[in-house]
Every structure is written in structure tokens, then in C-alpha cells.
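Colleague: Make the full structure from the sequences, and use the hints.
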Amino acid sequence: MPGYARKESLIRIALAGTAGVSLLFLALIFLFLLVEGLPMLAPRSIAGFLCGMSWYPTAEPPEFGIFPMLVGSLAVTAVAASIAVPLGVMTAAWLTEIAPSGVRRICKPMIELLAALPSVVVGFFGMVVFAPFLQNVFDADTGLNLLNAGVMLAFMSVPTICTVAEDALFAVPVSLREASLALGATRWETTIKVVIPAAFTGIGTGCMLGMSRSIGETMVVLMVAGGAGIIPASLFDPVRPMPAAIAAEMAEAPFRGEHYHALFAIGLVLFVFTLAFNIIAQRIAEANRQAPD
Amino acid sequence: MTATTQARRIRERILFSLLRLAALTNIAALLCVCGFLVWKGLPALSWEFLTQSPRKAMTEGGIWPCIAGTVLLAVGSLGLSFPLGVASAVYLHEYAGRSRFARYIRLGVNNLAGVPSIVFGLFGMSFFVITCGFGISLLSGILTLGVLTLPVIIGTAEEALRQVPATYREASLALGATQSQTIARVVLPAALPGMLTGAILGLARASGETAVIMFTAAVFYSKNSGGSLLSPVMALPNHIYVLATSGTEIAKTMPLQYGTALVLLCLVVGMNGIAIVVRDRMQKART
Amino acid sequence: MKLTSLFAKKRFSLLGLALVCFAASTALATEEVIISGSTTVLPVMQKAGEAFMAANPGITLSISGGGSGSGIKALNDGLCQIAMSSRDIKKSELELGAKNGVTAVRTAIAVDALIPVVHPENPVKNLSAAQLKDIYAGRITNWKEVGGHDGKIVVVSRDTSSGTYETWEEIIMKKEKVTPAALLQASNGAVVQTVSANKRAIGYIGFGYLTDSLKKLDVGGIEATPQTALAKQWPIARELYVFTNGKPEGAVKKVLEYLLDPQKGQKSVREVGYIPLDK
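Protein chains in written order, with our numbering: chain A, 1 to 293; chain B, 1 to 287; chain C, 1 to 279.
Where hints are given, some of them may not hold.
With beta-carbon atoms standing in for the labels, derived distance ranges [as the list claims (entries may be wrong)]:
{"id": "1", "chain 1": "C", "residue 1": "K177", "chain 2": "B", "residue 2": "R13", "range": "55 to 61 Å"}
{"id": "2", "chain 1": "C", "residue 1": "A54", "chain 2": "A", "residue 2": "N136", "range": "43 to 49 Å"}
{"id": "3", "chain 1": "A", "residue 1": "E63", "chain 2": "C", "residue 2": "K99", "range": "25 to 31 Å"}
{"id": "4", "chain 1": "A", "residue 1": "S45", "chain 2": "B", "residue 2": "R11", "range": "52 to 58 Å"}
{"id": "5", "chain 1": "C", "residue 1": "G101", "chain 2": "A", "residue 2": "F138", "range": "55 to 61 Å"}
{"id": "6", "chain 1": "C", "residue 1": "K99", "chain 2": "B", "residue 2": "R103", "range": "42 to 48 Å"}
{"id": "7", "chain 1": "B", "residue 1": "L31", "chain 2": "C", "residue 2": "K152", "range": "33 to 39 Å"}
In case anyone wonders, no lab produced these hints; they're calculated from the structure. Given the structure is predicted, the values throughout are model-derived calculations rather than measurements. Just so it is clear, CB atoms sit at the ideal spot from N, CA and C, and this is done for glycine as well.
Modeller: Written as C-alpha cells, this is what we have:
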């Protein structure tokens, strides 16, 4: 028997080691961003980097201010969220509360398929179809703008929001619904006043995850956001979100020069942002898990 | 009384149709993108387009090296992330329970899933390409994509393990099997279909990824694409991006762009579709 | 072989082993030359490369864009054998190369003219260099001011780190900064896409990227043609380069000879739309 026991504990340790690989890689990613990004931040003030208004990495002397990009990233995320959150939550409510099960079985996979569209394909669509549409219909100066990027990102984050919100709505006990209906409330009133508030934390998790996806998405903003490093004054202004700047400039940046380190520093900022979104989402989810019991 | 009830009914009907409209908007968006690419891309598709190399500065010929490159990248990365992911999931679900170490690992996996692909690209470039010295190569791409798909595999594998009834394990243990025997002979076979669903989703994710391979694996043109682990490859997502934004003859390559986008779309959506159908079957079989 | 000696100089001894294996494996099958760099030079290399490989079946070329900086970076790291560049190498890049034992050697392969372009429906035909500068600095913002229809000028520029941008900055902007409101595009092709789809846009591209979907502008009354560019009348012209590690040898030398041959590579240069070297 001790032989078995030793073998068992060896297997256990090996599996634990394997499971640690994910943690190891997360740490490595953070480490490498730090190692490559800090040489840029060390001689300068971090505030100057985050709040600087102009980004001229190749000028003499170079200027590295990412404030317009930061605002650009937040702006596309906000536009995407203001479209995707209502759309995602309403779709989830429709799927759980109203749709007949047959229709549901067909519609749900289709919404999940929306998440499967490769980002480069969505960006391509935004570039060749939606941008000319915005120029022709809204007489926008350029179709490559905040709105275009926001709409494309919205459709990429709807499935995330919808799936998580749907799980949350589904988890609301039937007894709650029955109690509300028995008191004379209509199905609509039950949905809006009972079911959605009961699932609120789960919906919140979904929204945070969806936004985390939009802020980090690269190809779409690279192809359709326009790429102007300004603070947008309207929906039709072009912006240059952080991932687009990294993707566009990395190839041209002299290796281990200031510009290269600055781009890694942007990557670090982006990493911290998405990490924050994810941690908030997990906190909400944990609070939710503990609440019903 | 009846009047207000009537009004409430009408309001309910209106608001419910609003919800239906929201759901239909999403489906319309999906059909719009797919329909448009099928409409524009289908004329470009031919046997030759799928099986030949590009010619005449990308204005003629096909995209075979890109298809092959994408498949190599996706399958290679899965070969790495599937065993690692399944082992991690087995540890998390069967051994660790709610221990502190397991909680940290879960936290790590969840956050790894949220890391933007461009950050994976930066990491892959800095770690695999430069520090490890693999260069812009198939190997660098496979390793980076492997890390990227790891959370997808762990998540679905753990879900699959959760679906295996506890009675299976208890029965096996009661018959005198050790825990590892139980897992290898009873739990894993029962969870396998669910894990395969995850594997297909991981494949799809890796095939559609662009920002990562731009920095680690893909080149615009290589005759030797996929010839060795340390050569650079051509890949579909990168090809679309380059065709749409570089090249001197953008108008001439337009049909190729649509065709390439359609092929990638079919590949990725097809794989996801299979995964969804498999999952649906399993759910029905269980209930 | 050449490749092996190149890789033996790598700093990371741990992985040098893997690289030697790689070098050996490629040397056994076919010789592989990795070419990387400027998206401006890319079309020439692509075209000439296909013909070159047809003529030399023993040599395989892998060609990728990415930009001048990335090409030189790859050359310094021993990740490519030929770097394409639309600008001269910088002192800092030479120093970095020297640290890795790489000496970049420059060879000019073609002349490129940068051309300001607008949408074909734009009535403006000619701009002075000063007007171009004012537009790109953000001082002229309406087409009315330069003789066009009323409408905001949508300024399209290249990323600040591209070789094309640097040439533009030097010759037109005279080191003044391009307005932050400019739409920065990552490649020549992206500029073509943007300008050809927008009636209010102005951009600048390499000669080879000119298509029917764009209208080229005269600068100071001079029309951009291969003749005016070669005669140095066209104000915005530059040479395109490739860089190699040391004097080219073996397969790399064959590629360069092919590129410079008036009947072969230089013909591709003309076909793609750039201006062949005056020989």
C-alpha cells in the first residue's frame, strides 16, 4: 500500500505543478512587461507619461504622452458598453424569460457564434462596409472613427455579456417568479422588478468581462478607429486607442530604444486596466455566489 | 381596474417586443457580416484558390500556405495547451478543492483569460522570439498561442469534470481503485466529450487570432511556410490584414481579401458550430 | 555555412544550440534567406523575389513587412539576412548592431517619390510645399482655403516611426510636427484605402502605391513622374535601401545582384511603379 500512496502523491504533485503553469505565465507576462517597460518610465515621471498630451516618439526630443490614447481607449469602451450592455442584457432577458424553448435552442448558439467571428474579420467589415456607410449617411468627415470602432466592439462583446447575464437570470429561483406572478404582477413587471434585480450581480460580472474584452481588443481598433491621437469631441472623431498604437508602431520602433520601451509601457498600462476589470468582475461574481446561501 | 390591466398588458407586449428586437439585432449583425462575406467572397473561391500559392505580388493564385499555416499554428498550440489544460483542470477539480493554492491558480487562470491579445503578442515577442531566440517562427507562434488558449481549455475541461456525477467516482473508489486510477479510467472517459468541445473552441480561438501572430510567427510571404518549426509561416488572419492594408494593388486583391476572409470565417465559425452542436447533444443525452 | 557562423555570434548561448540546429536543417534542404522590413520596399521585393525563386530553385526567400525599424532590428538580432528600409540606418541602430557583432551595409536599390494624393472627386490639382506644410501642421483646415469645395480637410499621415513619415517630415514639414488630429495609418496601403474612400481626405504615399482610385497632386506646379523624380525636380524623392550584415555573400549576394540587374530586379522596380536606379 505505501507504494500506491507514494505514486498517488507523486501524481498529485505533478498535476499541481502543471496547474501552476498558468500562474507562472501570468507572472512571466507581467515580469516581461515590467522589464521592457520600466526603462522608459524610470527616467521620466509616470504622471508625465500618463497625462502627457502629445505622442511624438521619433521627434527630437521625443515626447511620450499617452493621455489621448488612454482617453481613446476609454471612449471606445464606453461607446461599446453603452450599446452592448442594453443589447446583451435585453437579449439575455428575452432568452430566459420569453423565448419558447425551440426558438431559444436556435437563437442562443447564433449569439454565441457572434463571439466566434475573428476580430480581423470584424475589423475588415468595419473598414470596407461600415466606414463608407457612416460617411455617406451621416456625412462624417471620416468613417474611421470612435462610433465605428464602438459599434464593432459592441457586437464582439455582446455574446460575453449575454452569456454571463443569461446564466445569472437562469439561476434566479422559479419560486421568486411564481411569488411575483401570484401577487398579480405581469410577466414584464416580474422580469424588470424581481428577476433582473435578483440577478444583478451576475449581470454586472458579464458587463465587466465584456468591457474588459473591448478595451483590450486590437485588430478592430487598429483597422477602424482612425488612429488620430486626439481627445475626441464627438462620436465622429477619430481616436487612437492604446492597442492600436502598440500594434501599429511596434514593428517600426528601433529595438530596445526609448520608443520600444514606451510601447511596452503602454502594454503594461493596458494589462493593469484589464486586470482591474477582471478582478472587479470576479469580486462581483464571488459576492453573488455567497449571497443566495 | 380592467382598463389599467389592459394598459399593463399592452405595455408588456410592447416592451417584450423590444427585447425580441434586441435579440434579433444581434442575430442580424451575425447574418449581416457572414452574408456579406459569402456574397463578396464566394466568387473568389475555387479549387485553385484553396490549393495554390499566391502569385504575381499576391494579385493571383491562392492561399494554400495561409490555410496550412493557420492549421499548423492552431493544432500545434492545442497540442501544447490541451494536455496542460486538462491536467490543470483535473488538479483543480479532483484534487485541490478549495485550498488556498487552488484559489490562486483559479485567479491566475481567470486573469490570464482576460489578458488582451496584443499583450500576449508583446510577451511572445519579448520572451519566445527574443529572449529564447526562437525568432519569428512557427514555434514562437505555437508557444504564445498555447498560453493564450490555456484558460479556454482549463475552463471547459473543469466544466466537463463538474458534469461527471459523483456516484461514478464513489463507485470506483468503493471497488478499491486508487484516486488516479479512478480519474484515468472512469472520470476522464466520462468527461472526454466535454473536453473535446473545449479543444475545438481553443482551436477556433487560435485560428482567428491576429495580434499575437503578427509579432511572433507570421510573415507576408514565404515559399517555405511551415517547412520547419523555426521558419516563419503565412497565416489567414495576418494575410487578410496585410492584403487589406498593404500591397500596391489593393483594388486588384479585393476579391482575394474577401475570399480569404470567407475562408477564415468558415473555418472558425464552422469549428464553433461543431463545438456547439456537440455540447447540445451531450446536454440532451444527460437530461 | 554562412548561416551557422551568423548564428554562432548570438548572445544567448543556451538557445544558440537550437538555432544551430535550425541553420543546419535549412541548409540541408534549401538555403533560406529571410527578408524583412519596410512596407514601401515590400512590393519590389515581393515581385522580384518570386522571379528570383523561379530562377534559383535552391534558394527560398521569406519576405515580410513590418517596417524599416523592424527590419533593421531583425538584422541586428540575426533574425533576418536582408533588411529593407525606406530610410538610412540610425546611429543608435548601428551601435546596437555592433554590440551583437552585426555591421549593417547599405545598398540602394530604387528611387521612390512621395506623392500627395486626394480623392478623385476633389477639384484641387496643385498645392505648394508651404500649403502642404500648413495642412499637415493643422493651420489650414478647410479645402476652401486652397481652392477646393467647402469641407474639413481630413489629414491622413503615416505612423510617426515609419521611414515614409520621416522623409515627409524632413522635406515637407522641415521638422515641424504633424497635427495630432491626423489619422495615422500603419502602412502605405492603409493610406490608399482611407483616402480613396474619403472625399475630404489628403494623404501621401510612395510612387508604387498610386492607383486609379486616387488623384495625385502636383507640388509647386511640378507633376510627379519618373522623369521629374530622376531629374531631382520632384521635391519629395528618396532612395530605397536594403541592408545586409557585412558585405553580401553567398545566397544574399545572389539576391542583391538580381535586384540590381537592369534586366531583372530593376525591371520589377519599374513594374511595381518605383523608379529604377540611374545607371
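Colleague: Give a verdict on every hint.
Modeller: Against the structure, the hints come out as follows:
| no. | hint | result |
| --- | --- | --- |
| 1 | K177/C / R13/B: 55 to 61 Å | holds (59 Å) |
| 2 | A54/C / N136/A: 43 to 49 Å | holds (45 Å) |
| 3 | E63/A / K99/C: 25 to 31 Å | holds (27 Å) |
| 4 | S45/A / R11/B: 52 to 58 Å | holds (56 Å) |
| 5 | G101/C / F138/A: 55 to 61 Å | holds (57 Å) |
| 6 | K99/C / R103/B: 42 to 48 Å | holds (45 Å) |
| 7 | L31/B / K152/C: 33 to 39 Å | holds (35 Å) |
Checked against the numbered hints above, the structure breaks none of them.
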